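I would like the entire structure built from these sequences, with the hints used as guidance.
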Amino acid sequence: MSGRKEDALSSPQPTPRGPLVRVFAVLRRIPVAVSVVLVGVPLLVAVLGPLVPHDVKPGMPYAADGVLGTDGLGRDVFGLLLVGGRTALGMAFGAVVLAYLVGGVIGLVAASTRHRWLDELLIRPLDVLLPLPSLLVISVVAVGWRASALAITVAVAMVNVPTVARLVRAAALDAASSPVVEALRMQRESWVTIQLGYVGRAVLGPVAADIGTRITLAVFLVASVNFLGLGLSPTAPDWAVSISRNREGLLLQPWSVLAPALLLVAFTLGFNLLADRLVHRTRRPAEVTA
Amino acid sequence: MRSYAAGRAALAVVQLAVLSVLVFALTSLLPGDAADLRFTETLSPEQVERLREQLGLDQPAAERFGHWFGQVLTGDLGTSLISGGPVVDIVRDSVGATLVLTIATLAIVVPLAVALGILMGTRENGRLDRTITSITLALSAIPDFVIAVVLVAVFSLKLGWLPATWIGGDLLTSPVLLVLPVAVLLGRTVCLLSRQVRAGTINTLNADYITQARRLGVPRRRLLFRHVLPNAAVPGVQELARTGDTLLGGVLVVEAIFAIPGFATALVDAVETRDLPVVQALTLVLAVAALLLNLLADLTCNRLVPRSALLK
Amino acid sequence: MSDALNRRGFLGLAGALGVAALTGCGSGQSSGAQPSAGGRLRAVYAGGGAKEVLDPHVQSLFVDLARHKAMYEKLVELGPDLKPVPRLAEKWDHDGKALVWRFTLRDATFHDGRKLTAEDVLYSLARVADPKVPERVAQSSLAALDLRRSKAVDPRTVELVLAAPNAEFPALLAGIGTQIVRDGFTDPTKPIGTGPFKFVSFEAGRSMVAARFDDYWEGAAKLEELHLLSADAEARANAVQGGQAEYANDMTATFARTAEAGKSVRIVAAKASTMQAFVMKVDQAPFDNPDVRLAFKLLADRQRLVDVVLAGRGAVGNDLFGKGYQYYPEGLPQRERDVEEAKRLLKKAGLVNKEIEIFTADASAGFVESATLFAEQVAEAGVKLKVTTGSAQTYSKDLLTKGVIGNHRSGAMPIPQYLTDRLLSKSPFNVTHWRKPEFDAAFAAAQVQTDEAARAAKYGELQKTIRDDGGIIAWGLPDYLVAVSAKVQGVEAAPPNTLDFGRFDKVWLA
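Residue numbers (UniProt numbering), protein chains in the order written: chain A, 1 to 290; chain B, 1 to 312; chain C, 1 to 510.
The set of hints was computed from the structure by calculation and includes no laboratory data.
These numbers were taken from a predicted model, which means no experiment stands behind them.
No incorrect hints appear here.
Straight-line C-alpha distance at most 35 Å; calculated DSBU-like pairs for lysine-lysine:
1. C/Lys347 to A/Lys57
2. C/Lys402 to A/Lys57
3. C/Lys323 to C/Lys271
4. C/Lys271 to C/Lys464
Beta-carbon label-pair distances, calculated as ranges:
5. B/Ile108 to C/Asp215: 43 to 53 Å
6. C/Glu203 to A/Leu150: 34 to 44 Å
7. C/Ala445 to A/Leu150: 47 to 57 Å
Even for Gly, the Cβ is constructed at its ideal location relative to N, Cα and C.
Pasting the structure below:
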């Protein structure tokens, strides 16, 4: 069964089985281009949007003025989209970077140390922390530091630290026990050379794959927090806040909800597709068990 | 095996104890207390002050924690600072709705995801595999709340086919209330799980003993159900246990949108109203559930694949 | 008073017409329909989770008020202009100095079959005043009542004596948390009142079920069963649109706009019956300077705030609470926007190019939105208003001490009560920090004035002072919106906290 190779290249016009299948077949065929566009558009909007001069006179709530109409506060939806990506994507990226800065260092040190106690000291507390529900951490931070982008970013990062640390540690241990390292060790290479030169590089593969899925998850989490009103101020232009606040006007002015939703979905979809390819290239080592 | 179990239990006890200290410390960091929360424009500051004394909130934090901990050891979860009623009632009431929701979701998710996963795995890189993979990839990229907003708009507001809220309905008489919430929770869980099962199936199919068995002429169906299915389920079960925490976030979104008086809502409410005993109790329940779930997952995996060295 | 009685006299048809006139849409109401008995009505209110209570003297949320209104009654209620109207007391008078009051009780029956007596009234008021239970909400408003000297004259007459004269005493008995319970009532989980519905079951944060009380003194309700449910705004909207509820309280203007496009839901609007405002602390810089206060009042673009934040569902405010209510001063000019004059005042105060923080929170619909919008309007005069968001749950308390300017929303209440609760030196909710001994004295003098016209004149003066010099920028008077499904008849548009608001004994299902 696995022997049946797909004839993607040999037959230029595969028989389509239905519109949906065709769409997805096409999606699958040119994934890189599609996913780059899907990721690129929201990313460009998020990065460059705030720089675009866009000054529209505020109108009435849920009116049809402008390209995409107005939102519940009479603000131009298109103008909001331009400035709303910075928090929607920026907070998620920030959280993942922070999670890797903290968790990655813990994992690497724990894996590379020759002192068992240090490993235990670093990893055991994470075991104890594991049952702490991330929902609790986030709601406490959200309630305590109302409407602070930084606080939410840190909370989302903290929730990710234990898993990141474990993943990095497992990947590093995996690499450290490989025959290559044994060989290097026998050649009396220095510890630093081995760790940075080989183990560090070997860890990069699984880390890259993990970052792919983790960023999508972080975007989800940040967006959910904002959607639930636990995060940014209700008048923030953030995409998730816009979806949340304008959904009661969905039937009056659909774009105020659909436009930010489409940007968010485009990003996560594109990112998923890219991450999927990455995983296929660099087969992940054995899953880390909790 | 016995020492493993003992070690595991000991760790669990330590985890729970540390957890309650942590939760107490975390919530104590919040500005204001339950007496402040009961402030209304018609209560004078003196009345609020007297209330604070009655609730024991003027005591030092360590003392309050000690008091609470002593109570819990005797099996008493205490009284809510907000309602004044027993915490047990709040826990019981909120767990019920969420449990129904979760079980209904899992009852659909697990068979569906396993079936899809095996279907994909046995046709690795075939057209069907690629189509389903694409669909699940795409679906799992849509945030829960976007799915929920769209489903409600279409099926409740526009078409009027399905109820969009649990208000005014009774689950026993109208199970249709479950349709939209479950549909929202379904999407991402099925995607995540089926992909794990797919990977498991592929791994198993490529294993030497399967190749060997096939060469020996073991029927395909028998091979699939007796050998591939249990092995492929392992990563799935583990994933399920591991993502339980993430799923709770989705449950909160669903509870919020469909006005389901459930666990996640109760937890966030309790944090917002600084109702410490309720926060503590709900977190404990959740932690115990998570620990049991993980244990169950490990044991299941051990049964499904006795040879595996999961329980080192 | 008699006016109010007459109005109640021919309900049914007149009530229905009243709604049509008040809502201004006049649609959907089949005014020819005969009231029919029976059926179940599910009404949804904003919930309070575990905070919800069954004790009628501890209420604070709308859903609590609705629950208690169905089962209990007060001696006095408030009419549409917030003027006291008779309820369990069919009439009252005082000794000419407003110190000793006599209330004549109606022939009403409790749910357990016993008749209402003067002892029940005395017991209820003593229960409210119990210092051991600090949460009894009417404790401070009824503090002037001297229960030791009050007595039952006969089973149908009760004499209440005050520590100091107060011509507004009947209105205080119409305040929240003043319900009459039965003598010896100790267990709030087994409610027994004189109201039109009998208690069946209650689950905090979710629902209460009540059944028709056949011996209700004003005639049994039409509905057989009443369900009062709790849910947030989105769920209320979905429930009433999806037919899972027949009545939804406190709806948003956006919902009203969506609903009015369809046919299944009708909006009942009590026009301009609440207040949205910004409040400045008059004892803190820069708002300790009257010029700055006036400048900010002049900077508010009220029409735009009403158009956007209230989506047009409301009237512009004139920096005073209680438009249309008893004692509201007539003939005040509407405050208009004047950016140039504001600029001049701000320049004089040296505030141009300075930054001030406005403290807001998502505690009530439109708070953060109006603060954000107001910041833009203030910016036109060269002052930066930085919007800081606080915790929604503790906002009303935090506002007492935090921030120099913030948001304030007030429901309907008699004007003297508003002044008592918010603008006296000892007021528990004095968010503007308006503490002026001469103002307190003038208010006390007005309250003992037994002649209504003279009292009104004095209140008028006090309110003018607040409008010109106080810290309240009352920019808008939102309509209070209730959504009912098309088959629900007999729902009257009434300001919240008044007799006809959230009243289900006259409602029927067509």
